[in-house]
Structure formats: structure tokens, C-alpha cells
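Please take these sequences and the hints and turn them into a complete structure.
Those protein sequences? They're chains A and B, same order as listed.
Residues in the first sequence are numbered consecutively from 1, following our numbering.
Residues in the second sequence are numbered consecutively from 221, following our numbering.
Treat each hint with caution, since some may be false.
Among the chain B residues that face chain A by a calculated CB cut under 10 Å, a handful are [claimed, not checked]:
1) 241
2) 324
3) 346
4) 349
5) 353
6) 356
7) 357
8) 359
9) 365
10) 368
11) 369
12) 372
13) 394
14) 397
15) 427
16) 428
If you're looking for bench data, these hints aren't it; they were derived computationally from the structure.
Remember, it's a predicted structure, so these values are computed and weren't measured experimentally.
Each residue gets a CB set at the ideal place from its N, CA and C atoms; glycine is no exception.
2 protein chains.
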Amino acid sequence: MTTRARVRDAAITVFGNHGFGTGVRAIATAAGVSPGLVIHHFGSKDGLRAECDEHVLRIIREQKAEAISTPGPAGAMQALADIEQYAPLVAYIVRSFQAGGGLGESLFEHMVEDTTQYLELGVATGRVRPSRNPAARARYLTLYNVGAMLLYLQMRADKEVPLDYATAIRDLATDVTLPALEMYTEGLLPDSSMLEAYLATEDGAAQAGAAPPEHTDSPN
Amino acid sequence: MTTRARVRDAAITVFGNHGFGTGVRAIATAAGVSPGLVIHHFGSKDGLRAECDEHVLRIIREQKAEAISTPGPAGAMQALADIEQYAPLVAYIVRSFQAGGGLGESLFEHMVEDTTQYLELGVATGRVRPSRNPAARARYLTLYNVGAMLLYLQMRADKEVPLDYATAIRDLATDVTLPALEMYTEGLLPDSSMLEAYLATEDGAAQAGAAPPEHTDSPN
DNA sequence: CGTCCGGTTGAACGCGCGTTTAGCGTATTA
DNA sequence: TAATACGCTAAACGCGCGTTCAACCGGACG
Numbered sequence: 001m002t003t004r005a006r007v008r009d010a011a012i013t014v015f016g017n018h019g020f021g022t023g024v025r026a027i028a029t030a031a032g033v034s035p036g037l038v039i040h041h042f043g044s045k046d047g048l049r050a051e052c053d054e055h056v057l058r059i060i061r062e063q064k065a066e067a068i069s070t071p072g073p074a075g076a077m078q079a080l081a082d083i084e085q086y087a088p089l090v091a092y093i094v095r096s097f098q099a100g101g102g103l104g105e106s107l108f109e110h111m112v113e114d115t116t117q118y119l120e121l122g123v124a125t126g127r128v129r130p131s132r133n134p135a136a137r138a139r140y141l142t143l144y145n146v147g148a149m150l151l152y153l154q155m156r157a158d159k160e161v162p163l164d165y166a167t168a169i170r171d172l173a174t175d176v177t178l179p180a181l182e183m184y185t186e187g188l189l190p191d192s193s194m195l196e197a198y199l200a201t202e203d204g205a206a207q208a209g210a211a212p213p214e215h216t217d218s219p220n
Numbered sequence: 221m222t223t224r225a226r227v228r229d230a231a232i233t234v235f236g237n238h239g240f241g242t243g244v245r246a247i248a249t250a251a252g253v254s255p256g257l258v259i260h261h262f263g264s265k266d267g268l269r270a271e272c273d274e275h276v277l278r279i280i281r282e283q284k285a286e287a288i289s290t291p292g293p294a295g296a297m298q299a300l301a302d303i304e305q306y307a308p309l310v311a312y313i314v315r316s317f318q319a320g321g322g323l324g325e326s327l328f329e330h331m332v333e334d335t336t337q338y339l340e341l342g343v344a345t346g347r348v349r350p351s352r353n354p355a356a357r358a359r360y361l362t363l364y365n366v367g368a369m370l371l372y373l374q375m376r377a378d379k380e381v382p383l384d385y386a387t388a389i390r391d392l393a394t395d396v397t398l399p400a401l402e403m404y405t406e407g408l409l410p411d412s413s414m415l416e417a418y419l420a421t422e423d424g425a426a427q428a429g430a431a432p433p434e435h436t437d438s439p440n
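Printed below as a string of C-alpha cells:
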């Protein structure tokens, strides 16, 4: 394994555990090299960061991103099996979302796409109710599930300890599964008056119009 | 208005617009004073940050936090009226959630409490379906709505421009209202098999057991 | 064997950070 | 009026940051 790759992997781990504010010297120490060599290989700290982003994205694309791109409580179960193995990657990704950079947005768009296909399949096989605007629903579900997970992890990570993502996500699943399933099967509102009122507005009609305008209450 | 308060308010604005990494000198310039005076008044940068947290929390408590503590698409509408006025506070709060600190958690717990009462009222008046575990549902709804909003705002804020929170939140409402209302009224799953399967498990029974074990499908 | 060249080091540089300190000006007080 | 306390500034200090640079080392090559 080349030194360059060793530095890159060490950077991913250190960035993930301590944030992008960590100094080059700490990364160099973790990789067992000198600070100057890091700059020599990657040009600058930003260059290193960019190469880390690229590498993480490449790994995820290779693995088809199944572990994180399947939202909802169903896919989360089997994802826990892999998450221990990819813990440094997960930490890095969480930091990337929090810090802004392009990687978070890129991953998010992938997840939206995967969710869209996942929901389409569910609708086709009758396991998911159809929507007036499938694209908006897929984006909504992705935004809410990813956002909630990030907030949950971040509130847990306030302690200095690097945080065990596997157990944290397990705890999240424990806390969330019942209300999520309730929501998914029974909804929140006892009747459809609010939805109909919204659909009667100009905005509501426009939003629903992006999908087939006819709407069926029961699938199959 | 005392100079101390002017520095504090300038710090809230600058922290909100450019993050907590901003230097003391920038805050001092924004407040029209010297860097040394900032330290002289607040002891250290952390002391200043703590006083900002305290001040923000006090303002929100005074205003009963109605603008941000009522989740769901209903309360968000009237909140937009006030949000322009409190834009610096909102920016600071968003930064606080992203950066960790105690303020985010504190606000979150307040929101959970408010959501609990809000949902209880809705259930009592028949406008919201009852839950097997109202506490878990309130926490779930708060976590998901706050998390989604933070993620949405943060992905929008990637540009250097300070970001207009009023229009951003309006856009979020536009994107989310239809799928959210669909979800709230019709759910996602066509039948209750998954929910029943989960309730049959040990975990599911334990989670549902925290609420009154009998469950009614229709309110009133 | 001599030469060269890429990988690597350790020391140094410049910079901006948070913070300290000495001193100034002004208003209050005896 | 003289003394004092306080708000405030300007300059500096020490530190850690990202980055640069001269030198070194070991193997490839003529």
C-alpha cells in the first residue's frame, strides 16, 4: 500500500473523528509521516480534503451505496451489518454533511434517486401507496430521514469520545421504529380535510399536477 | 444601549452569518470596538459565546418560542411572519445546532415538550389520531422536522451569501407540504402488516407498552 | 562506481488567532 | 481642585496553523 494512500486513509479517519478543523500535523502523525510530506503529495490541505471526498465517493459508488441510500426503517436493519466495517467512512460522511462541501449534496442526490426507484418498485408491487407527486415524495422522505439521522448523531456526539455509530444508529432505530410505522400505516390526521384544502389552493394544485392528476385512494 | 450589549448582539449576528470560527477581531470591528474590549467584557471568546447562548435562549423563552417550536406545516405559516424580524437569531440557532454546544439540545427538548402538548391537544379535540406511545411520537416528529429543516438550510447555505432564511423556509414549505400532507393523511403503507409484525416482536411490544396498551383506531 | 532522482524529513517562515498589558481620556467623588 | 475608578484603545506576546525549503537517503541507471 502506497504511502500516499496511507495518508489519505489516515486523513479520512482523523477528519471523521475530530472534524475538518484538525491540523495537518495530527494527520501526519496518525499516518506516521512528516507534515511536509502531506503537502508535498496533495499540494495543500484543501487538496487532501478533495482527494478524501473523491475517494469516499468512489468507494460508495463501488458498493452501490446500499448501506446508506435505502431510507426508512426497513433498509436500516441490514445496513447495520456493514456499518461497523465502514465506520470511518460513515464518520467522514457525517462530518461532510455538517461542514457543507460538495460531497454531502452529491450523496444526497444519489439517495433521492435510489429512494425514487425504491418507492416506484414498492408502488408497482402494491407494497407502497401511490403518490400524487412521486418525485416530491422521494425527496421529502430522503430529506427527513437523512436530516433526522444527522441531527440525532450530532446531538449524541457532543461528548469528546469519537462515538460508536453502530450502536447510535441502532438506538435511533429503537426510538423511531414505532412512531415511524404508526405514521407510515395510519398517518397523523383522522380525515383528509387538510389535504383536500391544500389541493384546492393554487400551490397545492401545482404541486400535485406534476404527477398524474387523477388520484386513486387504494392501490392495485 | 450599553456597549456590552452592542458587542453581544454583533457577535450573535456575525456568528450566525459566518459561523463560530469567526475571529474576535471581526466581531470587534462589527461592533465598532477594539478586540481587547471584547475579552475585557466577556473574559474570553468562549465566555462571549456562552453569553450569546444565554441571551438567545432568554429571548426565545420570553417570546414563548412559538415561531420555531410548533412543528408541522400548520405552525410554519404564521412563523414566517416573525422570522424576518428575528433573522439573526435564527441564523445563530442554526449554527448552534450544527456546531453542537448545549443550546441546540436545550431548544430541542423545549420543542419536544411543546410538540407533546400540541399533539395532546390535537388528540383531545379529534384533529390528530392517537398514538400507542405519544411521547415517542412527539420526539419522532420533532427530530424529523427539525433535522430536515436544518439539513435543507445547510445545503442551501453552501454559497457564501448569508442566505435569506425567510425565503429558504418558504421554499422548504413549498417543496414539502404536499408529500407531508399525503403522509399525514394517507400514510405510506397500504396495510398494517408491517406495524403488526413489529408490535408482535419483543421490542415493538416494549415500545408500545409505554403508552396505554389498548389502542383505538378512531378517535373521539 | 558515479550519478541522478523521487520520497521523505526537520527546521523554519509568515500569518492570524486568542489573549495580555500598559496607558489614555473622561466622568465621578472627596 | 485633586484623586480615583472605569471604559476603552493600541500594541504586543505566544502559539499553532498551513506551507516552504534545503538537505538527506536509498535505489535505479549509465
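Problem - Violating hint indices (sorted, rising) - result: none
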